[in-house]
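Peer 1: Single-letter residue listing:
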Amino acid sequence: MSNHLQSHAAESGAPLVSDIRPVSHVSRFVNSVVRHGFPDTTRNRSLAVFTNFFLHIHPVKVRVEAMKFTRTFYLGGLTAVMFGILTATGVLLMFYYHPSVPRAYEDMKDLEFVVSAGVFLRNLHRWGAHAMVTLAFLHMVRVFFAGAYRPPREFNWVIGVGLFLVTILLSYTGYLLPWDQLAYWAVTVGTNMARALPVGGDELSFVLLGGNQIDENTLVRFYVLHCVVLPIALAGGVAVHIWRVRKDGGLYIPPAERAQVVRAAPAQTGAHVTSETEVSA
Amino acid sequence: MTTAEFEIAVSDDARKTPVRVALVQEDARPSVQLYEDECVMTFPHLVVRELIALIAASFALVLLALAFDAPLEQVADPLRTPNPAKAPWYFLGLQELLHYYPPLVSGVIMPALVVVALVVVPYFEVNLRREPFWERDREHKLIWVGAVTVVLCGIFLFTGAHPVWPVIVPTLVLASLMVLPAIQGAEAPWLHWLGIRSLAFWGFTWFLASVCTLTLVGVFFRGPGWAFTLPWIDGVY
Ligand code: HEM
Numbered sequence: 001m002s003n004h005l006q007s008h009a010a011e012s013g014a015p016l017v018s019d020i021r022p023v024s025h026v027s028r029f030v031n032s033v034v035r036h037g038f039p040d041t042t043r044n045r046s047l048a049v050f051t052n053f054f055l056h057i058h059p060v061k062v063r064v065e066a067m068k069f070t071r072t073f074y075l076g077g078l079t080a081v082m083f084g085i086l087t088a089t090g091v092l093l094m095f096y097y098h099p100s101v102p103r104a105y106e107d108m109k110d111l112e113f114v115v116s117a118g119v120f121l122r123n124l125h126r127w128g129a130h131a132m133v134t135l136a137f138l139h140m141v142r143v144f145f146a147g148a149y150r151p152p153r154e155f156n157w158v159i160g161v162g163l164f165l166v167t168i169l170l171s172y173t174g175y176l177l178p179w180d181q182l183a184y185w186a187v188t189v190g191t192n193m194a195r196a197l198p199v200g201g202d203e204l205s206f207v208l209l210g211g212n213q214i215d216e217n218t219l220v221r222f223y224v225l226h227c228v229v230l231p232i233a234l235a236g237g238v239a240v241h242i243w244r245v246r247k248d249g250g251l252y253i254p255p256a257e258r259a260q261v262v263r264a265a266p267a268q269t270g271a272h273v274t275s276e277t278e279v280s281a
Numbered sequence: 001m002t003t004a005e006f007e008i009a010v011s012d013d014a015r016k017t018p019v020r021v022a023l024v025q026e027d028a029r030p031s032v033q034l035y036e037d038e039c040v041m042t043f044p045h046l047v048v049r050e051l052i053a054l055i056a057a058s059f060a061l062v063l064l065a066l067a068f069d070a071p072l073e074q075v076a077d078p079l080r081t082p083n084p085a086k087a088p089w090y091f092l093g094l095q096e097l098l099h100y101y102p103p104l105v106s107g108v109i110m111p112a113l114v115v116v117a118l119v120v121v122p123y124f125e126v127n128l129r130r131e132p133f134w135e136r137d138r139e140h141k142l143i144w145v146g147a148v149t150v151v152l153c154g155i156f157l158f159t160g161a162h163p164v165w166p167v168i169v170p171t172l173v174l175a176s177l178m179v180l181p182a183i184q185g186a187e188a189p190w191l192h193w194l195g196i197r198s199l200a201f202w203g204f205t206w207f208l209a210s211v212c213t214l215t216l217v218g219v220f221f222r223g224p225g226w227a228f229t230l231p232w233i234d235g236v237y
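Protein chains in written order, with the working numbering: chain A, 1 to 281; chain B, 1 to 237.
It is worth saying that the hints were derived from the structure and are not from the lab. Treat the hints with caution; some may be incorrect.
[To be verified] List of simulated lysine to any residue pairs, SDA-like, C-alpha gap at most 20 Å:
no.: 1; chain 1: A; residue 1: K109; chain 2: B; residue 2: Q74
no.: 2; chain 1: A; residue 1: K247; chain 2: B; residue 2: L34
no.: 3; chain 1: B; residue 1: K86; chain 2: B; residue 2: A67
no.: 4; chain 1: B; residue 1: K86; chain 2: A; residue 2: V133
no.: 5; chain 1: B; residue 1: K86; chain 2: A; residue 2: V189
no.: 6; chain 1: A; residue 1: K68; chain 2: B; residue 2: A70
Treat the numbers as computed from the prediction; the structure is a model and nothing was measured.
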């Protein structure tokens with residue numbers, strides 16, 4: 001691969017691979033990972049974005065207007081950050097947690113009194129969850145007031161509504177897991193509402209609870225929803241959502257804040273379409 | 001294909017306008033370039049900003065987690081119901097509604113309506129144009145706003161077990177703000193600002209204000225038996 005590239009570069013005379021030529025085993029390894037040189041040239045900076053799995057959600061260049069802090073307050077991004085933190089701290093919590101009665105509650109006590117920094121870990125996860133619900137809501141509010149929910153972004157708004165519901169469900173299923181009085185009765189209030197559904201309410205509540213009342217079966221079901229089903233659904237949804245932001249033409253900027261493309265006056269109908277002609281509406 | 005559907009533009013800069021023929025229908029695709037935006041490289045400009053946002057948010061969360069401990073009460077006991085039993089805070093708006101309407105209305109119909117409304121909002125013509133509400137037909141619209149306000153307040157006064165003040169009060173406040181520029185004239189900058197808001201703006205703001213008021217009342221002003229309490233006297237339940 002490297003040889004092929006080098007000979008190509010030699011032929012064309014372009015400095016195509018001078019910056020990825022292996023000079024030592026270490027830099028050879030580094031080059032196999034990032035595949036571009038130090039990002040201090042425009043070319044390498046482009047490569048830094050579009051050869052990177054995580055950064056490729058961005059275009060290589062972004063509009064200055066779209067980057068302004070007050071355009072988005074980074075609310076969508078911060079919601080995603082919270083999701084990341086919650087995943088990391090959630091995995092750590094799973095190392096200590098058993099979804100059974102009364103073990104679940106005892107594990108909370110262990111986190112408090114036995115596990116190093118256990119309280120801190122629990123706090124991060126708890127406040128992170130509240131922050132995520134809040135940020136997702138604020139993100140929705142800012143998208144609305146910016147007018148960014150309108151075509152062509154209307155379906156991304158619909159995806160967003162779905163993401164918000166999943167976020168709420170994640171937080172709600174997690175609420176039961178400590179198995180203390182607060183958890184038990186807060187979840188009771190909610191599941192009683194599911195029962196009010198005129199058709200299939202009782203069945204729905206039976207499926208969710210794994211029985212007629214909240215007990216250990218419910219704990220297992222909420223645990224599986226909270227740790228597996230809903231996070232996977234949310235991760236998939238967020239990926240589609242952020243991909244759509246690009247596909248829908250990038251962040252919405254009101255026309256008044258953008259410079260119109262200057263076009264030559266329209267030619268008469270039937271003009272020849274030459275190599276220097278652009279047709280548009 | 002009629003000629004009215006497209007126009008032909010000629011440019012003599014071959015590098016900006018490569019060999020390309022594009023036929024753009026009225027319903028323009030987002031990828032059609034209509035604007036010349038000033039751009040910068042994503043790396044480092046955007047990536048650095050995102051990194052700063054990530055670090056700032058993490059730092060804030062760490063401070064929060066160091067300062068406040070997550071609550072942990074007694075072990076769950078199905079035989080001992082706390083009074084009041086409150087749902088998580090983001091559901092307390094719904095639980096507050098439960099105080100006025102039967103569960104079918106407050107727990108199923110109203111939330112379902114809200115979700116459906118949020119989903120269909122961008123598909124409505126009226127929201128797309130976002131024209132200043134008072135631009136045309138001022139007298140006509142004043143009557144409509146008055147009528148809608150009266151109907152909404154009527155619904156929330158009389159259909160529940162108690163008057164739903166957490167919705168009625170925001171409704172009245174927002175209706176007043178809405179009509180103020182139309183009857184007052186819009187000299188002051190803030191009146192002018194209110195005067196050029198769209199109908200979509202007012203609708204969403206009304207929804208937002210009602211949701212927030214219901215939630216705040218549920219969180220701070222409800223005690224045992226869902227009775228009204230003052231947080232600075234009785235504390236927060
Ligand atoms: C888990 C929750 C969510 C995540 C992680 C998320 C993430 C993002 C990100 C990173 C952006 C880029 C711009 C920005 O930060 O504002 C964005 C844009 C957008 N989001 Fe979300 N979002 C979430 C929920 C929602 C919700 C609840 C809605 C609306 C109901 C929504 C609707 C939109 C729309 C329409 C855009 C395009 C905005 C524009 O073009 O200016 N998203 N989202």
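Peer 1: For every hint, state whether the structure bears it out.
Peer 2: Hint by hint, here is what the structure shows:
1. With a C-alpha separation of about 10 Å, the suggested pairing of K109/A with Q74/B holds against the 20 Å cut-off.
2. Restraint check for K247/A and L34/B: satisfied, since their Cα atoms lie roughly 16 Å apart, inside the 20 Å limit.
3. For a cut-off of 20 Å, the pair hint linking K86/B to A67/B is broken: about 24 Å separates their Cα positions.
4. For the hint pairing K86/B with V133/A, the CA-to-CA distance comes to about 18 Å; that is within 20 Å, so the pair holds.
5. A C-alpha spacing of about 7 Å is found between K86/B and V189/A, which places the hinted pair at or below 20 Å, so the restraint holds.
6. As the CA atoms of K68/A and A70/B are separated by approximately 35 Å, the hinted pair breaks the 20 Å bound.
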